[in-house]
Structure formats: structure tokens, C-alpha cells
Amino acid sequence: MIVAGCDVGSLTSKAVVWRDGSIVGQAVTKSRAKPWESAEAVMQTALAAAGLGMGDVEYCVGTGYGREKIPFVQEAVSEIACHGRGARWLVPSVRTVIDIGGQDCKAMRLDNGGNVEKFVANDKCASGTGRFLEVMAKVLGVELAALGELSVRARHPVTLANACTVWAQADVIKYLSDGVPVEDIAAGINNAMAARMATLVNHIGVEPDICMTGGVAKNSGVLSSIEKLLAVRLKRIRRADPQIVGAIGAALIAAERAGAGRS
Amino acid sequence: MSPDWMEAAVVLENRFVKRWKAAGKKVVGYTCSYLPDEVFHAAGILPYRLRGYGTEECTIGDTYFGPFICSLPKCMLQLAGEGRFRFLDGAIITPGCDSMRRLDECWRKAGDDHPGIVPGFFFHFAVPHKFSDYTVHWFADEIRRLIAAVEAHFEVAISADRLRDAIRVYNRGRELLRELERLRTLPEPPITGTDALAVVLAGTAMARDVYNDRLAAFLAEPSPEPPAHRGRIRLMLVGSANDDVELVRLVEGDRALVVADNLCFSARCHLDPVPEDGDPVEALAQSYLRKNECPRMYGQYQGRLELLRAKIRSARVDGVVMQNIRFCDLHGAENGLFERDLEAEGVPCLRVEREYGALVEKGRLKMRVDAFLERIAHRREVCA
Amino acid sequence: MRQATREYHFDRMLWSAFDTAAKLSRGSEKEYRTTLKYIPYFRGVVDALLQPGEPGREFLRVCARYFENVVTARERGRKTAITTFCFSPTILYAFDVVPVCLEVISAMMCLAYRRGTGEFLDYCNEVGFTETSCSSQRGALGGFLAGLGSEIDLVLTDTPGVCDTNANAFAFAAAYLHKPFFQLDYPPVLVDGRSDTYHREDYRALIRFLEEHTGKQLDVDRLRAVLTEVQAQDEMIAELDELARCVPNPLPVSFNLMLYAGRFLFAGMPECTHLLESMVRMARRNAELGRSGLASGTENARAFFCYIDHYAQDLRLWQMLDELGIGYVGNILSRHWGATAPYVRELGKQDAAYSIDTTGLDTMIDSIAALNSRMPMVKSIRGPYDAPNMWLEDTLALAKMYAADFIVYNGTPGCRNTWGMVKLFARDTEKAGFPTHIMNGDAFDERVQSWEATRERFEEFIRVRRILR
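Protein chains in written order, with this note's numbering: chain A, 1 to 263; chain B, 264 to 647; chain C, 648 to 1116.
Keep in mind the hints are simulated off the structure, nothing from the lab. All of these numbers come straight from a predicted model, not from anything done at the bench. Idealized CB from N, CA, C, for every residue including glycine. Treat each hint with caution, since some may be false.
Unchecked claim - Think about it this way: if two alpha-carbon atoms lie no more than 30 Å apart in a straight line, the pair counts; the simulated DSS-like pairs of lysine-lysine are: (1) K69(A) with K625(B); (2) K138(A) with K235(A); (3) K34(A) with K69(A); (4) K30(A) with K625(B); (5) K1070(C) with K629(B); (6) K218(A) with K629(B); (7) K996(C) with K174(A); (8) K554(B) with K677(C); (9) K684(C) with K393(B); (10) K726(C) with K393(B); (11) K826(C) with K118(A); (12) K629(B) with K393(B); (13) K228(A) with K684(C); (14) K118(A) with K574(B); (15) K863(C) with K670(C); (16) K34(A) with K554(B); (17) K69(A) with K629(B); (18) K629(B) with K118(A); (19) K574(B) with K826(C); (20) K34(A) with K218(A); (21) K118(A) with K625(B); (22) K174(A) with K684(C); (23) K629(B) with K30(A); (24) K625(B) with K34(A).
Claimed, not checked - A few chain C residues that don't get close to chain B, going by computed Cβ distances all over 12 Å: (25) R673; (26) R690; (27) E773; (28) D866; (29) E886; (30) G937; (31) K1047; (32) G1080.
Let the hints inform the model, and build the full structure from the sequences given.
As C-alpha cells, then:
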């Protein structure tokens, strides 16, 4: 049985092709203006990686902001539910999931079955999202992926405005011109993000084990900062790219539906 | 449902208001449900609940108000600045909350720059934040002060008898609205939450006696076909003011039904009868100030929690959607307490923050509502 | 909240910090300088406060004593009540109840904590507050809601009708902690027979509430003693207010903070009296010598802060003003509107002021009700800003009387009622001839706008408007 999950986000789109309990193809691409075009592109890439075509897919679940506009999906499911499912598959002991995507951040608690028991989201402002890190990395003149590594070497992390990305940007420029080491600024950026996230997750209550999904999970600086704030170790996602967790969850739900359809 | 209801909900100067004005009668806008409409009805003036519905941008609102302010009064000011409230002969500003009370000076100062937008009768009507003997006494005096000002400006007489008549008319409306609310609690409600809000909004924009007749006829109409509402997830919607039927439609979608609410602009403001005998001003002061649906009545959280619990029981609510307009700290923080206490009792809750104004965040809101409905649906499966 | 923050009660930590700081001045200069090295995050504040000499030492002692009262209240058989800065503690001292004044504690946390109140602010959001709620209560309140402070018995506020976000924080706290709650509620007009009647009746209801929850009757003699002390304090405050009119202003910049903090924490108690006495002595000396209270001795300009100060972080606002040679001629918090205040006489505002009559119980209760209704914000933010006796009238009158060169608005993004009309207000103050600077930061939370950015904008304003002489 071949099924698929497609997660169309504002910055990136992800797709996973799933066969008999494993991922056989996956892709992450930059999103385009129209969600159906993004979905088509990323799905074709994932299918190509698996050596399959759209006709081979028995059931496809779509998620993300563009989910209802994807023409080839049989069902649209919220990304919260998909992230929960995907995280549970990747980390079977997980009960609390933190997801920081391109334009929003969420925290959710799962029950024994991997279903979402409670969730909270905060995306009113860019300063709690991947977009914040992108903007800050650009101002610092470093690669986004380097932010985590840099922050580990910080001696005196700076305090950054965390209520407004534009004002935080102004702070970074000022620190740079004052000769503050890049490592300290990188740590300040990660800490600002982590503090916003910690507040969110504490609102629903932390229940171990905890993991982080979404692109920002690849930033070790943010991870360790959140760990310090929550006083609990986060489980790292190693079996797959944390960015595709939503698509994995969508594929899992697709497998369930297809299995149910058959029986 | 007659399109007249929806017209009153989405058109500010609706047909009824136009006819009223064409007949040479007066209209006075007001911002807060604590204002006793009966005063104006008794004066032969149409009391019109001010709204910010229908703005497409907010440059005028943003010019006078500062940045960290709820968008509802800003949108009201925007409409005023665009001249959309020129049909008003008066406006009453009440300190329902800090953001709303600043509409007073912002509107007046905007009037210096945009001539003709401040109605001839402009009145600051205060309401205490608690209910006790001396606050009721003060509030009764405030109502008398308002009556005196209306009489002087509009050259009308508002006698005790006319007030009692107005109270009777409004009580009839309250009785009908209670029936509407009861129908919404049925296993197969004959009306969606979207339509119910439209019906209630219409009552804030037409004369109460006319509204009563229309509402009575509407309630007596048989449902044309049994609506396909069985099985839908039953929600209660609470929080900041909402006069946008589209928000309710977004929450309901095709899987849910808003069967109860506790919102400003909704039926909660119009349910409890006012005594029809005795001194009418005292009766109005007692009845209006006693109302406890709004967090502006500080220290009464437990009473409001009981109110929600009672509605959850009577309407067999599956989950509560708690929304607040950004910068609305009163509803926003109280939603936090409600969430804590209701979740502890096993009632699923969703808290969302939004802007008031043109409904522009549909994707974000829908994603959260969908996830919430999925959670409830799963819970139903487990409990079945 | 980090684990480390949860290890100790925060009010006990503050007591320890201020108590130790108060003792620092007893050593030699060498001992003092050496000890400062061991408090890298608090030393700037300590040094700045001790610079003026005896008043600074007294102020640190007052802060230490305040926290001692809060932390030891239970063991000494006293009740505690969370209150707000504009709720005069006089009535509480008459009942021997310890006032736990949230905003002043938040300000002190900004002075003493390296990272300010951030974690505590965020904790409030975790338990349900909106993140847009005012930071002034949330700093200290976060500690109490997290169970990291002394036990609270009562929750009192007097900001309904004046400031929603403030009143809401107290209502939330009472519901969250399940504590008895009382609100003094204010009508929008100050000078009005109906308002007077309302103030009196409401205050009597407060007294009934306190009697019920303390199990004590209001002690007439004790109330008289407290109010007599207030009268003495008001005389000294009036003298300081008069001296501040001198050019140059003989009061050091930090005196404003000391004056209002002392009053909010200990009005009617000897602690406030001793503090004021030391301030008056120094101010008189400076005035006799024609000396500016600024460290440089040169006053380049005079600033009137129409709202509140900027506390995040440390005392950097005061240090900046001192460095730039800007004399500080007061803010909304430092005017008490007692009948003997010079501005009351000069502006002919006797009906807007309070006076104290200790003849009998009724006159004393009426006096204290009037006093409370003239507390900062309660007096001037309750009604439309351009109404008589409200914010605009007060600001323009005081700015003119104290020869201010410019006006500064500083608050918090949570302040709905001022952000609701501050643009209109600034337009009017500019028209009246006062260059007006609106600060966009948060007085209690540096994460909203860093101090560096705040200072840069302030200095840009000073430069562009050519304020400095």
C-alpha cells in the first residue's frame, strides 16, 4: 500500500511517500505563491525520489495552510494533528511536542494514542517563529544553520527585544556596531526565541518526553536554551528531518484511512 | 430566514434606519450594553448600537488612537471619520473599557480635522464597575443626568410613564430572545449560530417594537426542512465583542454549530427582565448594573464561570471557543481562567486571539478551529 | 521559569539584596569599593543611589525594611494585602496590614535582578494573562502566582474607572489565588458633589471589608497617628516641591523616585518621614548654595515626565539624565495634590486637592477617601484627558510652573488608557510650546525595546529639537 502526506507551509512545502510502514521518498522545497503549485512540485519531487508516480498513491492527506487547495488529496487534516502523529512515530515516548515553523509556533500535548489532547499556538508576531531567526541571521551576516553553533561559544548573551522582529533587528545592528561578539548576539537571538516558546509550552503544561519539530529544531542553540528554561531534556529527532514531521504525520493518517477503506 | 435580518447585520445604515430618518426621527448611537436603551425609546429616539463593522482600512482610527489599542474602537472611529455615522444625531460613549472610553476624545479631536463627524449630542455616560447599594444609587443619578441632557437637547419629555412603557416593550423583546436562545439549545437547533447572531444584531439597529413583531413572527415560523444540524459539534463562543457574522460562520464551517455564546453584541445583553412597576429609573439602574456577563465587573469571575457552566449544561456544549481581540486584556485574561477551570472539568477549550475588523486571518483561525474540532471528534469516538 | 529562579522566594531575595546594600555604606571607602566587585549586576544601582549621600542610604534602608515587613508579616501576626501603587497604604497601616505594592516591587526587581522581571512576566502569560497586559503588575505578580512569594491574604485595588489593565490584573490574581477582593471604583469626574459622596461611601465599604477580613475594628487612635504623620510628610513634600522650582533644581535626579517610592510604600509611617527629612536637608543645603542636584553641577535642561519613569534596567534612565545634565522636575507619580502643595496654591486648585482633618473618625475617613482619590492616575487619568483637573491640564500647568524645557511620555505597551490618547495629548502639549518626546519602550520590560535603542531615540530627540543649552 502506497500513501502520501503533503504539508504546504508559507515558506517551505514538504512531502512524504510511505509504503508498508516506511518512508520511501521525501522532499522539502521552497513554497510558491500558489499552494497547489507548491504541493504539485514537492509531491512530484518526493515521488521521483521513490521511483513512483501519482497514480501509485492510494490515499493522500494534505496539511498546512494550503491544505484545502491541494487538488490531489483525499482529505485535509490540521497540521497540529499531523505534527502530533508524526512526532509520536518518530519518538514513541513523546507526550509534548513543540513545533516552530516558518510563520507560527505551536505546542501540543498528546495522549497515549498520539492524539492531540491540548494545544496552543502563538503566531501573532514573527518574533516567535522561524522567520525571526531568518531575519536575524541575515542581519548578522551568517547562515541560518550556523546560529546554533555560534551560540554555543557565547560568553555573555545579549538581551534582545522579543516583542517585535523589527526592533530586535535594530538591536542586532546596534550590538554589531558596538563590537559585541557575534556569538553573544547569536545566543541572544536563540534565547529570545526560546523564551517565547517556553512560555507557550508552559501554558499547556510540560509532560515528558518532549521533542521539537519544524525547521528550527535543527538549531541546537534554541534547543539547549529551551531545555534550560524548562529544566528538562528534549528528545532529539534523529530518524528523519524534523522539518518533515507534519508530512510524516499526514502520511500516517493516510495509511490509516487507506487501511480502513480496504477493510 | 428573511434576508432583512442579514441586511440589518451587515449594513450600518439599514433600511429601517433610513425610513426612520426619512420620517424626521432621531438616532443616537451608543457603545456599551450597560446603557439602558429604554431611555431613548421613551424619548422616541432610536438607540443604535455602534459598531466597527465594514471597515476596509484603519488610517483614521490609527491616526488618533495609539498603537497598542484594541481595534474595535479604532474601527468605530474609522467609520465615523469616513462619514459613515452621519445618520446619527447623538453618540454616547461609555467606559466599558479603557480603549472604548478613549473613543470620546479621539472622536472629538478627529472632528476638529474632519468637520461634521461629531454628532450634535455627544455624551460621556459612566457606569460603575460593581454592584452594591451606593453604586446603584450613583448609577440611577447618572441615568437621570442622561435623561435631563436628552430632554434638553432633543426637546422631548421622558416621563416615568413613558419609561415604564419602554421597559414593557423591551421586556417583551427579552422574552422573545430568551425563546431564541432556548431553541438554540435543542438537539436539532432550527437556527445556526451565524443566523442567530444576525437576528440579535438586527435588534440593536431597529426600533424595539418593530423588532419584537418581526422576531415573534420569525420564532413562530415553522422550519421549512429539518436542518441538518444533528451530529454537528456543539460549540459555545465567548470573549470579546463580536458583531461579524462571518466569524461565527468560520467557526461553524460545516462541522460545528455555535449553540450558545457569551459575547458582547449577543443575546446575553438582552435577557433579564426589568421590573415594570416602581420607579423606572431605579429599576433600570438595578437591572442593568446587576448584569454580570462582562469582565469589566471586576471581582465577579466566579459568577461568570457559573454562567458558562449553566450554558454548557443547558445547550449540551461539546467545546468552548474563547476568542479575544488583541489588546483586550479583560476578556483575554479571563479566558485564561475559564480555560483552566473548564478544562479541569473536562470541557475542551480553544483560546484564540484575533484582530477586530475585516476578517483577514481566516487561514490561521480556521486551522486552529479545525484542530480543535478534530480533538473533540476524537473525544466523541473514545467516549462512544 | 528557570529552575534556579524557583529555588528561592523572590521577596526574600530582594530583602537580602537591599538589606545588604543598605549596610554597605557603613564600611570604609576601600571596603565599599571592594564589596561592589562582588555584586556585578546590582552595583550600578547601589552606587548611583549612594552617590547623593544620606538620602540614598536612607532609601536603601526603607526598601530593606519594606521587604522585611512583607516577608515576616505572617510570623508577626500581620495580614498582607496586594495593592497597587496608587492605593495609599495609610489605611492599611491603620489596620496593621502589610501592603504588598506590586508595581513598586516590579520596579525594584528591575533594579536588582540582572534580567529584570522577564521570567515573572512570562509566568503570568503561562497561567493565562494576555501577553499584552501591563508589565507593571505582572513582574511582581508572577512571583506570587508561582508561589515564590510570601503568603497573600487580601487583594485590593483602586483602579476600576482609572486603569483597566491594572484592575484586571488584581481581579485575576484574586480569582487565581482564591483570595478576598475589594475594588475602590472611581467615577470619571474628580471635582463634583456626586463624586465626593461616592468616594466617601466607597471608602467606608473598604473599611467594612478590612474590618471583616482582619477581624479588627478600625482603631481611631491609630488612624489619627497615621494621618498626623501624613500631614508632616505632606509638609516636607510641599517643601521639596517648592525647592524643585529653583533654577538650577537643587534636587538630585533620583529624589523623585525616592519621594514617590517612599510615599507608596510607607505613607503615614516613620520610615517615609525619615527619608523625607534627609532629602529635605540635602535639598535645602543645595538650594542655599545655588547648587544643582546633578552630579556635574550644571543644568542644561529641565525635563517633566508626564507619566512614569523607565525602570528597565537598573537606574539607567536616572544616570542618563544626570550625565546629560537634565534636571528632572517630576512626573505623574511625584505629585500628591495635598492642600499644602505649592502647585495647589499657585494654580488655585484647592477644590482638586485633599486636606486632612483629624478631628473625629468621620472627618478622618473623609480625608483619607479624598487623599486616595487624588493619588497618581486616580486623580488625573480617570476622565477624558482634556477635561478639567485631568491629565492635560495638570501636565501643562506643572510643566510651566517648574520651567520644564520639554515633556517626556514613558509608559508600557499595556497602558490602554494612555496609549488610547497620547497622540492627542502630545499634539496639545506641542501646541502649548513644549517639545514632547514619546518613548516606545516598556518601563518594566527591556525586551520590548532595549535600553540602547531607547537612549538613542531620546538623545536624537534632544539633538533634533535643540533642547540642551
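A quick look at each hint next to the structure:
For the hint linking K69(A) to K625(B), the alpha-carbon distance of about 14 Å falls within 30 Å, and the restraint holds. Restraint check for K138(A) and K235(A): the C-alpha separation of about 29 Å stays at or below 30 Å, so the hint holds. In summary, the hint linking K34(A) to K69(A) is supported, as the alpha carbons are separated by about 9 Å, within the 30 Å threshold. Between K30(A) and K625(B), the direct Cα distance comes to roughly 23 Å. Compliance with the 30 Å bound is thereby established for this hinted pair.
The suggested pairing of K1070(C) with K629(B) is violated, with an alpha-carbon distance near 36 Å, which exceeds 30 Å. The straight-line distance between the Cα atoms of K218(A) and K629(B) is roughly 28 Å, inside the 30 Å bound, and the hint therefore holds. For the suggested pair K996(C) and K174(A), the alpha carbons sit about 47 Å apart, so the restraint of at most 30 Å is broken. Restraint check for K554(B) and K677(C): the C-alpha separation of about 66 Å exceeds 30 Å, so the hint is violated.
Restraint check: the Cα-Cα separation between K684(C) and K393(B) comes to about 53 Å, which exceeds 30 Å; the hinted pair is violated. Under the criterion of a C-alpha separation no larger than 30 Å, the hint pairing K726(C) with K393(B) is consistent with the structure, at around 25 Å. Under the criterion of a C-alpha separation no larger than 30 Å, the hint pairing K826(C) with K118(A) is consistent with the structure, at around 29 Å. As the CA atoms of K629(B) and K393(B) are separated by approximately 37 Å, the hinted pair breaks the 30 Å bound.
About 27 Å separates the Cα atoms of K228(A) and K684(C), which keeps this hinted pair within 30 Å; it holds. The straight-line distance between the Cα atoms of K118(A) and K574(B) is roughly 22 Å, inside the 30 Å bound, and the hint therefore holds. Simply put, K863(C) and K670(C) have alpha-carbon atoms about 36 Å apart, too far for the 30 Å limit, and the pair is violated. Restraint check for K34(A) and K554(B): the C-alpha separation of about 49 Å exceeds 30 Å, so the hint is violated.
A threshold of 30 Å between alpha carbons decides the hint, and for K69(A) with K629(B) the separation of about 14 Å falls inside it, so the pair holds. A hinted pair counts as satisfied when its Cα atoms are at most 30 Å apart, and K629(B) with K118(A) qualifies at roughly 17 Å. Distance restraint check for K574(B) and K826(C): the Cα-Cα separation of roughly 26 Å lies within the 30 Å cut-off, and the hinted pair is therefore satisfied. For the proposed pair K34(A) and K218(A), the alpha carbon gap of about 27 Å is at most 30 Å, so the pair holds.
Of the pairs offered as hints, the one joining K118(A) and K625(B) holds, with about 21 Å between alpha carbons and a cut-off of 30 Å not exceeded. Restraint check for K174(A) and K684(C): the C-alpha separation of about 28 Å stays at or below 30 Å, so the hint holds. Restraint check for K629(B) and K30(A): the C-alpha separation of about 23 Å stays at or below 30 Å, so the hint holds. Under the criterion of a C-alpha separation no larger than 30 Å, the hint pairing K625(B) with K34(A) is consistent with the structure, at around 16 Å.
Every beta carbon of chain B lies more than 12 Å from that of R673(C), the smallest distance being close to 45 Å; the non-interface claim holds. Distance check for R690(C) against chain B: the nearest CB is about 34 Å away, which clears 12 Å, and the non-interface claim stands. Against the 12 Å criterion, E773(C) falls within the reach of chain B, whose nearest CB is about 9 Å from its own CB. A cut-off of 12 Å between C-beta atoms confirms that D866(C) is not in contact with chain B; the least separation is 25 Å.
No Cβ of chain B approaches the Cβ of E886(C) within 12 Å, the least distance being about 36 Å, so the stated non-interface status holds. No Cβ of chain B approaches the Cβ of G937(C) within 12 Å, the least distance being about 41 Å, so the stated non-interface status holds. The claim that K1047(C) is not at the interface with chain B holds, since no C-beta of that chain comes within 12 Å of its own (minimum 22 Å). Here G1080(C) stays apart from chain B, with its beta-carbon at least about 19 Å from theirs, past the 12 Å limit.
Checked against the numbered hints given earlier, the structure breaks hints 5, 7, 8, 9, 12, 15, 16, 27 and satisfies all the rest.
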